[in-house]
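Q: Taking the hints into account, I'd like the entire structure generated from these sequences.
There are 2 protein chains.
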Amino acid sequence: MTVIECGENIASAAQASSHSMAEAEYPKIRFGVVGCADIARKLSRAVSLAPNATLHGVGSRSLEKARAFAAANGFPAGAKVHGSYEAVLDDPEIDAVYVPLPTSLHVRWAVLAANKKKHVLLEKPVALNVAQFDEIVAACESNGVQLMDGTMWMHHPRTAKMTHFLSDANRFGQLRSIHTNFTFAVDADFLENDIRVKPDLDGLGSLGDEGWYCLRAILWAANYELPKTVIASRKPEINKAGVILSCGASLYWEDGKVATFHCSFMTNLTMDITAVGTKGTLHVHDFIIPYEEKEASFYAATESSFDDFVTKWRAQPSKHIIKTDIPQEVLMVTEFSRLVADIKFNNSKPEKKWPTISRKTQLVLDAVKASIERGFEPVHI
Amino acid sequence: MTVIECGENIASAAQASSHSMAEAEYPKIRFGVVGCADIARKLSRAVSLAPNATLHGVGSRSLEKARAFAAANGFPAGAKVHGSYEAVLDDPEIDAVYVPLPTSLHVRWAVLAANKKKHVLLEKPVALNVAQFDEIVAACESNGVQLMDGTMWMHHPRTAKMTHFLSDANRFGQLRSIHTNFTFAVDADFLENDIRVKPDLDGLGSLGDEGWYCLRAILWAANYELPKTVIASRKPEINKAGVILSCGASLYWEDGKVATFHCSFMTNLTMDITAVGTKGTLHVHDFIIPYEEKEASFYAATESSFDDFVTKWRAQPSKHIIKTDIPQEVLMVTEFSRLVADIKFNNSKPEKKWPTISRKTQLVLDAVKASIERGFEPVHI
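Chains A and B, in that order, are what the protein sequence lines are. For the first sequence, full-length UniProt numbering assigns the number 1 to the initial residue and increments by one for each residue that follows. For the second sequence, full-length UniProt numbering assigns the number 1 to the initial residue and increments by one for each residue that follows.
Hints are not guaranteed to be accurate.
Because identical chains cannot be distinguished in the list, a pair is counted as satisfied if it fits within a single copy or across any two copies.
Capping the alpha-carbon separation at 27 Å, the derived lysine-lysine pairs in DSS-like fashion look like this [to be verified]:
no.: 1; residue 1: LYS353; residue 2: LYS65
no.: 2; residue 1: LYS240; residue 2: LYS116
no.: 3; residue 1: LYS228; residue 2: LYS117
no.: 4; residue 1: LYS344; residue 2: LYS65
no.: 5; residue 1: LYS235; residue 2: LYS360
no.: 6; residue 1: LYS235; residue 2: LYS279
no.: 7; residue 1: LYS349; residue 2: LYS65
no.: 8; residue 1: LYS257; residue 2: LYS235
no.: 9; residue 1: LYS116; residue 2: LYS257
no.: 10; residue 1: LYS279; residue 2: LYS198
no.: 11; residue 1: LYS28; residue 2: LYS319
no.: 12; residue 1: LYS117; residue 2: LYS80
no.: 13; residue 1: LYS360; residue 2: LYS28
no.: 14; residue 1: LYS294; residue 2: LYS319
Bear in mind the hints are in silico, worked out from the structure with no lab data behind them.
A: Quick look at the structure:
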């Protein structure tokens with residue numbers, strides 16, 4: 001197996017130049033965190049570590065909870081602590097908000113944030129359905145604020161390297177089939193009490209929490225070309241309240257590309273992309289959260305073949321290792337803050353790429369859900 | 001990543017004991033090769049290398065071709081060379097035949113071989129459909145001869161190690177989802193002239209040649225429990241003569257297990273098993289032909305989880321390396337010959353395990369084909 005180290009600290013080097021620009025030209029973007037979800041701990045740490053962002057405030061329905069959260073998550077001494085989400089949005093010093101609230105609350109709070117001229121970093125799934133997301137997009141567009149979803153792996157330098165491989169007509173050729181999965185095993189308490197099994201909170205369940213990543217990876221590999229037809233797999237697991245605990249689907253494109261995915265709360269932690277092209281193959285087994293924080297790898301194969309007696313491979317896949325000093329969630333916050341600063345201080349327009357790919361992901365996710373609801377009938381997009 | 005070397009030369013050690021028994025007690029099993037297909041070169045080499053088997057004869061429709069094949073493939077000086085398949089079957093000194101003929105000819109020649117009291121090592125797919133295979137099984141049973149298909153990876157010591165992992169309730173738990181694929185990119189000449197694109201020869205195309213392995217792997221992982229329902233993927237590629245060039249399917253079990261597979265003549269060489277259980281995950285990327293002839297590996301993960309901030313994995317998959325002095329196809333020939341010797345010299349009954357799993361594989365393969373033919377309708381098994 002050939003091992004290729006793709007330059008040391010790619011992110012570090014790349015960021016160094018953008019930091020110096022951001023740091024030299026613009027003040028740091030001031031974040032407000034709307035809600036104290038568990039994932040907000042990771043995001044708050046990322047804001048602390050981002051060179052062009054700072055934690056400015058946090059709001060919870062309970063002032064006590066907000067205080068405890070700020071104290072535990074490295075908020076600076078002057079950070080504002082609020083006993084409501086509204087108070088965060090009303091703080092004129094806050095530039096941008098991070099919204100980790102349950103999916104059912106996204107449309108309300110993201111639209112309100114946009115209307116209060118706050119830029120919005122929104123947890124995934126972005127909404128309960130694409131119609132709700134379109135309300136959020138419309139509010140952000142009419143208020144000129146940046147919208148980005150919290151799909152962190154998009155910002156890992158490994159992803160750029162993998163994109164490069166998938167785009168290489170000589171090494172990968174054309175994508176023809178792809179399989180992705182994301183599963184993790186939850187405990188009895190989760191199955192009883194987590195917001196992700198509650199129809200009125202994260203009502204999309206495993207499809208929203210895990211399938212989102214699988215579908216994003218498929219769209220990413222397909223250069224964001226939407227499939228024409230989506231057919232959900234039979235036998236999804238659904239709890240008594242009607243929330244999906246495991247499911248999957250097949251996706252079909254006009255040109256014959258085929259994708260499948262599987263997601264589940266009921267099996268061991270697994271996250272794979274297997275993308276097969278006319279000339280090459282991509283394998284990655286930790287695409288959402290890399291095994292290690294500062295180093296990640298993928299496997300690329302090109303024009304693989306057997307020896308004469310078909311007893312071994314002639315060209316084996318090579319392992320590509322990408323090092324990064326800066327974790328992917330910090331790169332996400334940095335990129336979001338860079339766009340916000342560019343709007344705030346440089347009169348730039350919001351970057352449409354991010355809401356566009358969020359919308360496509362939600363659109364396909366909606367189709368999977370519709371196919372399940374219609375008894376696994378094909379749903380055309 | 002933890003790397004675990006599973007004992008040096010497992011196969012070598014295991015075989016050493018069975019050889020000494022076979023060699024001490026019984027003469028070598030004498031093989032006749034029926035047809036000079038390309039794959040017969042590999043199998044002839046395997047017979048030469050097997051301690052309990054010997055190349056005794058080869059037959060082709062052309063005597064010249066048979067002569068050239070014997071000369072090029074290490075047949076001993078006294079080996080018989082025949083200008084017909086019948087002559088091989090009529091040679092009273094031949095114990096067993098290897099049948100690498102096109103699938104459409106299997107039923108005729110395997111049945112005839114069995115009726116001539118020859119044990120049958122039969123290439124895959126074993127027949128054009130399960131009804132044909134049942135004729136072969138009936139002929140072998142009534143003549144008391146061993147039947148085994150040529151699925152070599154079943155005999156690699158890695159497979160036994162992986163079976164052990166999948167059967168481990170503590171490390172793997174219960175299988176819930178599995179994806180397999182087998183693809184390779186053929187050239188223009190293959191698409192025009194190879195027997196695998198000809199409806200009257202290997203009429204099952206990619207499904208028979210590649211899908212066979214995907215389905216076998218799925219059944220193997222499911223402990224050979226048959227799925228209840230099979231639904232072919234849409235958009236299979238089919239040539240003008242009606243032969244499948246790429247296809248896939250979803251398989252469903254009563255207990256909620258789900259499997260998907262994809263096979264294709266049109267994309268890069270790729271062969272994966274991704275099996276996800278309630279407690280563990282198995283990954284292998286070269287399950288049919290290992291990257292190396294004498295060393296193979298797989299990845300096993302158990303109770304994987306994240307660190308507190310969900311920025312990296314707590315327990316990463318471990319890589320298990322299995323060394324073998326004896327290639328898998330030689331182990332296959334050795335096991336087949338051991339069974340034949342036990343019948344011939346020890347009055348044993350044929351081992352039913354092998355035709356049983358061949359039949360199950362063919363049964364599911366037939367269901368995939370039927371689903372394609374019925375416009376991707378569910379087919380119940």
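Q: Hints first: check each against the structure and report whether it holds.
A: For each hint, the structure was consulted:
no.: 1; hint: LYS353 / LYS65; in the structure: neither (35 Å within a copy, 62 Å between copies)
no.: 2; hint: LYS240 / LYS116; in the structure: neither (39 Å within a copy, 61 Å between copies)
no.: 3; hint: LYS228 / LYS117; in the structure: neither (36 Å within a copy, 55 Å between copies)
no.: 4; hint: LYS344 / LYS65; in the structure: neither (31 Å within a copy, 79 Å between copies)
no.: 5; hint: LYS235 / LYS360; in the structure: both (25 Å within a copy, 22 Å between copies)
no.: 6; hint: LYS235 / LYS279; in the structure: between (34 Å within a copy, 20 Å between copies)
no.: 7; hint: LYS349 / LYS65; in the structure: neither (36 Å within a copy, 73 Å between copies)
no.: 8; hint: LYS257 / LYS235; in the structure: both (24 Å within a copy, 8 Å between copies)
no.: 9; hint: LYS116 / LYS257; in the structure: neither (43 Å within a copy, 48 Å between copies)
no.: 10; hint: LYS279 / LYS198; in the structure: between (44 Å within a copy, 24 Å between copies)
no.: 11; hint: LYS28 / LYS319; in the structure: neither (38 Å within a copy, 44 Å between copies)
no.: 12; hint: LYS117 / LYS80; in the structure: within (18 Å within a copy, 88 Å between copies)
no.: 13; hint: LYS360 / LYS28; in the structure: neither (31 Å within a copy, 64 Å between copies)
no.: 14; hint: LYS294 / LYS319; in the structure: both (16 Å within a copy, 21 Å between copies)
Hints 1, 2, 3, 4, 7, 9, 11 and 13 from the list above are not met by this structure, while the remaining hints are.
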